[in-house]
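Colleague: Modelling step: build the complete structure from the supplied sequences, incorporating the hints.
Residues per chain are reported as follows:
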Amino acid sequence: MSSFGIEDRAAIVQRYPDVFRPNWWQRGKLTIGLGGAIALFLFGIVQLDIPFSRLSDGMVRLGGFLRLMVPPDPGSWADALKYLHALGETVSIAFLGTLGGALLALPVSLLAARNVVANRIVQVFTRRSLDTIRGVDTLIWALIWVGVVGLGPFAGILAVICSDFGSFGKLFSEAIEAADKNPAEGVRSAGGSHLHGVRFGLLPQVFPILLSQVLYYFESNTRSATIIGIVGAGGIGLQLAEQIRVLEWQKVSFLILLILVTVSAIDWISGKLRFAIIGRRAVA
Amino acid sequence: MPAAVPEFPQARLQELADRYAAAVAAKRRRIWLGAAILIVATLAAGWMGDVNLSKFAENFWRFPAYFAGIAPKFSFSSAWADLAEWFWGLPRWARLLGDTLLIAYMGTLAGGICGFVLCFMASANLVKSRAIVFATRRLLEFCRTVPEIVFALIFVLAFGLGPLPGVLAIAIHTTGALGKQFAEVVENIDSKPIEGVAASGGSWIQIVRFGAVPQVLSNFVSYGLLRFEINVRGAAVMGFVGAGGIGQDLIEAVRKFYFTDVSAILLLIIATVMLIDFITERVRHRLLGLEGAAR
Numbered sequence: 001m002s003s004f005g006i007e008d009r010a011a012i013v014q015r016y017p018d019v020f021r022p023n024w025w026q027r028g029k030l031t032i033g034l035g036g037a038i039a040l041f042l043f044g045i046v047q048l049d050i051p052f053s054r055l056s057d058g059m060v061r062l063g064g065f066l067r068l069m070v071p072p073d074p075g076s077w078a079d080a081l082k083y084l085h086a087l088g089e090t091v092s093i094a095f096l097g098t099l100g101g102a103l104l105a106l107p108v109s110l111l112a113a114r115n116v117v118a119n120r121i122v123q124v125f126t127r128r129s130l131d132t133i134r135g136v137d138t139l140i141w142a143l144i145w146v147g148v149v150g151l152g153p154f155a156g157i158l159a160v161i162c163s164d165f166g167s168f169g170k171l172f173s174e175a176i177e178a179a180d181k182n183p184a185e186g187v188r189s190a191g192g193s194h195l196h197g198v199r200f201g202l203l204p205q206v207f208p209i210l211l212s213q214v215l216y217y218f219e220s221n222t223r224s225a226t227i228i229g230i231v232g233a234g235g236i237g238l239q240l241a242e243q244i245r246v247l248e249w250q251k252v253s254f255l256i257l258l259i260l261v262t263v264s265a266i267d268w269i270s271g272k273l274r275f276a277i278i279g280r281r282a283v284a
Numbered sequence: 001m002p003a004a005v006p007e008f009p010q011a012r013l014q015e016l017a018d019r020y021a022a023a024v025a026a027k028r029r030r031i032w033l034g035a036a037i038l039i040v041a042t043l044a045a046g047w048m049g050d051v052n053l054s055k056f057a058e059n060f061w062r063f064p065a066y067f068a069g070i071a072p073k074f075s076f077s078s079a080w081a082d083l084a085e086w087f088w089g090l091p092r093w094a095r096l097l098g099d100t101l102l103i104a105y106m107g108t109l110a111g112g113i114c115g116f117v118l119c120f121m122a123s124a125n126l127v128k129s130r131a132i133v134f135a136t137r138r139l140l141e142f143c144r145t146v147p148e149i150v151f152a153l154i155f156v157l158a159f160g161l162g163p164l165p166g167v168l169a170i171a172i173h174t175t176g177a178l179g180k181q182f183a184e185v186v187e188n189i190d191s192k193p194i195e196g197v198a199a200s201g202g203s204w205i206q207i208v209r210f211g212a213v214p215q216v217l218s219n220f221v222s223y224g225l226l227r228f229e230i231n232v233r234g235a236a237v238m239g240f241v242g243a244g245g246i247g248q249d250l251i252e253a254v255r256k257f258y259f260t261d262v263s264a265i266l267l268l269i270i271a272t273v274m275l276i277d278f279i280t281e282r283v284r285h286r287l288l289g290l291e292g293a294a295r
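Line by line, the protein sequences give chains V and U.
Count the first sequence with our numbering and you get residues 1 to 284, in order.
Count the second sequence with our numbering and you get residues 1 to 295, in order.
No lab work stands behind these hints, which were simulated from the structure alone.
Here the structure is a predicted model, which is why all the values come from computation and not from measurement.
Note that the Cβ used here is the ideal one computed from N, Cα and C, for glycine as well.
A few of these clues could be false.
To list a few chain V residues with every Cβ distance to chain U over 12 Å, as calculated [claimed, not checked]:
(1) Asp18
(2) Phe20
(3) Glu185
(4) Arg188
(5) Gly192
(6) Lys272
When the alpha-carbon atoms are kept at most 30 Å apart in a straight line, the in silico DSSO-like pairs for lysine-lysine are as follows [said to hold, decoys possible]:
(7) V:Lys82 - U:Lys55
(8) U:Lys192 - U:Lys128
(9) U:Lys128 - U:Lys180
(10) V:Lys29 - U:Lys192
(11) U:Lys73 - U:Lys192
(12) V:Lys170 - V:Lys272
(13) V:Lys272 - U:Lys180
(14) V:Lys181 - U:Lys27
(15) U:Lys256 - U:Lys55
(16) U:Lys27 - V:Lys272
(17) U:Lys192 - V:Lys272
(18) V:Lys29 - U:Lys180
(19) V:Lys181 - V:Lys170
(20) V:Lys170 - U:Lys180
(21) U:Lys192 - U:Lys180
Modeller: Here you go:
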């Protein structure tokens with residue numbers, strides 16, 4: 001048995017030329033791709049007029065802010081209670097928004113699913129409308145609803161309902177289309193109507209999946225509900241934006257800590273619930 | 001000879017039927033309990049969130065009325081002139097949209113690079129030290145959980161108005177989000193190439209470079225493109241807090257009731273987001289297809 005030392009390298013290269021020959025085509029593609037990415041980045045720096053002179057100054061100022069943030073401190077007990085109330089509003093916004101969006105999206109997603117409604121026009125129309133709704137950010141919906149029902153968490157709830165309606169409609173209809181069609185056929189061959197097939201053959205299959213998606217969105221909505229207060233739609237974002245503007249850094253860090261703790265608590269709870277509902281299956 | 005169906009004695013049948021009824025009743029009870037908890041939680045959240053249905057019913061007409069209000073005046077006789085008037089600010093908005101895309105791109109690239117570096121330190125199969133893995137994960141979690149708009153608000157104060165705070169905010173958020181997804185990919189890779197490089201005396205950098213990276217690269221690019229898509233939406237609202245892009249003009253139009261401007265900008269944003277979604281989805285499918293062919 002021979003040992004491979006450094007001295008044999010030349011011999012090995014000579015024996016297997018195909019393995020050691022550089023693949024110029026592959027390397028060229030990689031170089032062009034990387035070069036393009038870097039060129040676009042540099043173009044961005046020029047186009048956006050990124051001021052490098054301000055970068056170092058800004059870093060120093062940011063460091064100052066960070067120093068002022070410790071220790072986190074709500075100021076007074078009254079303020080702490082106010083923040084906890086705002087946090088409750090945020091969680092309510094996420095909860096009701098997710099629930100309302102899911103309830104509204106369920107019938108619409110049935111319309112958008114190929115195996116429920118055979119009409120292609122209804123389906124395409126529903127899909128495009130959902131895409132349009134999804135294209136508008138939650139913050140923009142919040143701006144619009146603030147104009148309708150006034151400032152406060154209610155506008156936030158309606159905004160989350162709107163943006164979730166679009167996402168859930170898409171996710172639900174995809175889950176429904178991916179369902180096994182045999183149970184529905186079984187129901188129909190036993191004499192059930194099309195609606196019976198949907199109710200007893202399709203929905204029992206997809207319901208756990210839909211529920212786990214709703215729970216997952218509840219988590220992510222808790223994050224987005226923390227910010228819609230910035231445009232006046234209630235919740236902890238309102239307090240946070242206010243304290244940042246008046247440079248009360250200790251209160252800012254307290255609020256950020258509060259958000260971190262709440263989000264991880266909700267992550268944990270909804271993770272547990274998700275596993276209880278669908279078992280240890282990965283969420284698609 | 002008639003087929004004899006074996007019949008259970010009545011007592012045994014009764015027992016089975018009872019057990020079935022009990023199982024159904026238990027399931028019903030669970031569902032009712034779940035529904036009760038849901039209703040209580042809904043009421044509590046409604047009370048907490050100032051839900052006011054009468055105000056909602058009273059003012060709901062404003063919602064469709066708003067959309068009717070932002071719709072432009074349009075007549076067939078002067079369609080082109082109307083269109084030109086509706087999109088009067090197109091050159092400026094197109095430039096701002098380009099800026100928005102650049103902000104999203106630069107943020108995604110910078111965040112992706114940071115996430116790429118950090119994800120290997122957050123993978124338990126590459127790093128032996130539990131402390132490093134734990135610390136990196138908490139750092140990524142922090143970057144991910146604090147919303148990017150909050151970072152943008154703080155950075156605007158530190159760096160001044162303009163696209164720079166927007167890019168930095170998106171970069172930090174992307175670092176957290178991609179770092180986590182990357183780390184999950186890295187933890188699921190085949191361990192044999194890593195052991196192979198380690199056994200032939202490779203350093204940690206060489207293990208990562210030749211053992212891990214070739215396995216995960218296409219997945220990473222796919223996740224990066226998905227994140228770019230999300231960041232385009234995020235960058236569109238960065239302007240709300242003064243961090244550059246089209247959001248600045250949008251919030252101004254909304255606040256000052258320039259109705260047709262609102263609809264024009266919204267339509268441009270929606271069209272751009274859809275276009276980017278479409279392109280990235282194509283590229284992603286090609287990437288995943290390539291990976292499938294290589295296997």
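Colleague: Going through the earlier hints one by one, which of them does the structure break, listed in rising order?
Modeller: Of the numbered hints given earlier, those the structure breaks are 11, 17, listed in rising order.
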